[in-house]
Amino acid sequence: MRINRRIGVGVVALAAASALVLTGCSSGGSSSTPTASANLSAIITANGSEPQNPLIPTNTQETGGGRIVDSIFAGLVYYDATGKPINDAADSITTTDSQTFTIKLKPNQTFSDGSPVTSNSFVKAWQYGALLSNAQLNQSFFAPIEGYSADADSPLTGLTVVDDTTFTVKLSAPQADFPLELGYDAFYPLPDSAYADMTKFGTDPIGNGPYKLASPTAWQHNVQIDLVPNTSYTGGRKVQNGGLTIKFYADLGAAYADLQGNNLDVLDSIPSADLATFESDLGSRAVNEPTAVFQSFTIPGRDAHFSGQEGQLRRQALSESIDRDTITKVIFNGTRTPASDFTSPVINGWTDSLSGASVLKYNPDDAKKLWAEADAISPWSGTFQIGYNADGDHQAWVDAVSNSIKNTLGIDASGAPVPTFAAFRTSVTDKSISTAFRTGWQADYPGLSDFLVPLYATGASSNDGDYTNPAVDALFTKAAAETTTDAANQDYQDAQNILLKDLPAIPLWYSNITGGFGTSVSNVSFGWNSEPLYYAITKS
Amino acid sequence: MGGYILRRLLQAIPVFFGTTFLIYFMVFAMPGDPIIAMFGDKTPNPALVAQLRAQYHLDQPFIVQYFIYIGGIFRGDFGISYSGVPVGDILLRTFPVTLKLAVIALFFETVFGILVGLISGLRKGKLFDASSLVISLILISLPIFVIAFVGQYVFGVQLGWARTTVGPGAPIGDLILPALVLASISFAQIVRLTRSSVIETSSLDFVRTAYSKGLSRNRIVPVHILRNSLIPVVTYLATDFGVLLVGATVTEGIFNVPGVGNTLYQAIIRSEGPTVVSFVTVMVLLYLVVNLIVDLLYGLLDPRIRYVK
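Each protein sequence line maps, in turn, to chains R and W. With my numbering applied, the first sequence covers 7 to 546. With my numbering applied, the second sequence covers 1256 to 1564.
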């Protein structure tokens, strides 16, 4: 009888539970901004993922490790919330010809173990990162520096140590916005102790940034990493909290549940299943704003019907047949912003009024006309397909884009899923993919050039569609040698007007950051690269 | 008895080589280059890719990779994960967590499953029986992730009775909710198994004899009915333990348990051969040991089953 009653209670609880679920998650919205004064010893918890590699700056390319490395190291510059570079370890970075840069460090800086930060800390770390046989994932970032080779071991001859706090960098060609790159983690310094056993160093790194590891075993693999403020750091990123615990989640859903259950203070990505409801769940604690992520699909010129005059017409027709406004609203719940160029709205120099940008507007009549013109050159045959990796969240939008194309142009269009990301990227990289394919780009530094040159310059590293146009190349070279940012940005915009005609990739939209924070934290803001500025977060 | 155990343990050797070989082959046969995937949407420099492939022996034919791996195992070296951590360390860190989770789940499903099943069987056709059958049917038909999400949302987010995810060190208190979720489906199976087994045993002659001898119900139910009804249940529990170790992947993901399932899932995504193979191999070996223990338990439950020579 006792057990019987217990089961009864269980059934009631289950019913109550489902009622709670059915009525939905309408408890949010109580925008209680904490007014209590900030607690300088409170630990902030944030989401992350197990770093893919040991925490060596030149070898950290994914976000899981990146956010930790950015917190425990200080480069020559850091970026504020708007992406503006501010001197961190550097005292000044000067040049007269945009090709040779003189870098002076602030005096008396140390790593968290007390060893000094000198010119050598930077130069040796860069030489290490650029050497092919060290197989560092960020190796290509050193490409602009004189002496770099992608194919063989080759020292960076462009680096010269003048004294303990001064060194010079000579590039193989002028690049006006080179200083803008220097906040990226590839350019962080390393202490001398790192070189004895780099892999071991990577499991317990010593940095010069605002945070340091709480202990040699602070990195609990697959669980979390505990960071505490580094008192020897004197740069501008002054820590406003008592430490940072980055919890690793394999599944974003778990992180979102933790945010709702008050087990997590900051979440920088909302799982796609919750995108429709997170803003009503979290109220004023929800974040949804554009970031430096550009998304597109690329049609290689080698594909039949997509080269020359015919190809140009077909690309424009495809672009005008996509209803970006509706797709971003319906498929992404407004967490994407329709693209109006090839870069991102958070980058200095971005504009939504490029003269060729009308090709990115939904215009079915014009699209049909352009397609017919192309058919007059050579009649269309076959199916238009967009390749994507099926293990990501891509199917919904690929289907929507294909449908938009199909309905407008009256041709057969569909998605072409590839089972895994590894298989998808391998077929893109070795150019064996025979369809158009989705492409995305997250910038490494906040400059227009980073969205354009690696993707559309002839022979560039990530030019997966093998696009080539001498006029575009000439504008890229001209922009690099300009002495003012405004002049360079003008060149990049001119180049983009050509790109908008040629459409080597069809711009789709910019990703928004979708995130949220808990009731007890404030001053949560996200940097230009969609990473939370952890040091500024306060907790009551 | 000793010879029987030895024979069973020797059987584990070909199973070990067979599984490691097969799994290594499957990881190797997965499409795409894991090194290229490390670079995301960027296209890496081919010389750098070649360098990294060599570093992880990915440029060797799969048979060579396999023997490099097996050779390492015999020196106690399970290889290095892509994040630079020895796989042996990862095994030592994650297996205890999953074992803890599986044991708690096993405890819940065994105790409650047998109890509910026994009462249902004894009170066949009554209200308790009917409602336990309905509840077990609901639990069996719900996918585990639905139960997990509902449990997490209701007890973690809304009521705050449990932590939404498992904290560092995986304390037992944090593991109870995921263990209950994990146990729910097997609980329902055990209720049904025990119930039908109890009903069948209750109608056998020796039970009627026991009643007619005037033995008390308190003695007949545990000693005569329950003990004789447990063999199918114990067999089920043995296979279920393996399922718990592997099937924990979904539950571990939802509750962010730093265990085997979660780690294995990520290793598969990254095509980390040594990690995947080591994890699955240890799972297989555990599974073999548990099944051996269960086979030995049969002798205790039913004296007619004996292992002679």
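No wet-lab data here; the hints were simulated from the structure. A hint or two may mislead.
Claimed, not checked - Computed list of lysine to any residue pairs in SDA-like fashion (alpha-carbon distance at most 25 Å, straight line):
# : chain 1 : residue 1 : chain 2 : residue 2
1 : R       : Lys335    : R       : Ser364
2 : R       : Lys206    : W       : Arg1263
3 : R       : Lys176    : R       : Gln133
4 : R       : Lys375    : R       : Thr426
5 : R       : Lys206    : W       : Arg1525
6 : R       : Lys206    : W       : Phe1367
Said to hold, decoys possible - Partial selection, computed: residues in chain W whose CB lies under 8 Å from chain R:
#  : residue
7  : Gly1257
8  : Phe1294
9  : Lys1297
10 : Gln1310
11 : Gln1320
12 : Ile1323
13 : Gly1411
14 : Arg1447
15 : Asn1511
Think of the CB as a built atom: it goes at the ideal place given N, C-alpha and C, for glycine as much as any other residue.
We went through each hint and held it up to the structure:
1. R:Lys335 x R:Ser364: Given pair Lys335 (chain R), Ser364 (chain R) holds - Cα atoms ~20 Å apart, limit 25 Å.
2. R:Lys206 x W:Arg1263: Violated, at roughly 41 Å.
3. R:Lys176 x R:Gln133: Given pair Lys176 (chain R), Gln133 (chain R) holds - Cα atoms ~14 Å apart, limit 25 Å.
4. R:Lys375 x R:Thr426: 37 Å, violated
5. R:Lys206 x W:Arg1525: 22 Å, holds
6. R:Lys206 x W:Phe1367: Status violated; Cα separation ~48 Å.
7. Gly1257: 40 Å, violated
8. Phe1294: 7 Å, holds
9. Lys1297: Given a least distance of 5 Å, the restraint on Lys1297 (chain W) holds.
10. Gln1310: 6 Å, holds
11. Gln1320: Hint on Gln1320 (chain W): violated, closest Cβ of chain R at ~16 Å, above 8 Å.
12. Ile1323: At about 18 Å, which exceeds the 8 Å cut-off, the nearest Cβ of chain R leaves the hint on Ile1323 (chain W) violated.
13. Gly1411: 5 Å, holds
14. Arg1447: 15 Å, violated
15. Asn1511: Where the cut-off is 8 Å and the nearest Cβ of chain R is about 4 Å from Asn1511 (chain W), the hint holds.
Comparing the model with each earlier hint shows violations of hints 2, 4, 6, 7, 11, 12, 14; every other hint is respected.
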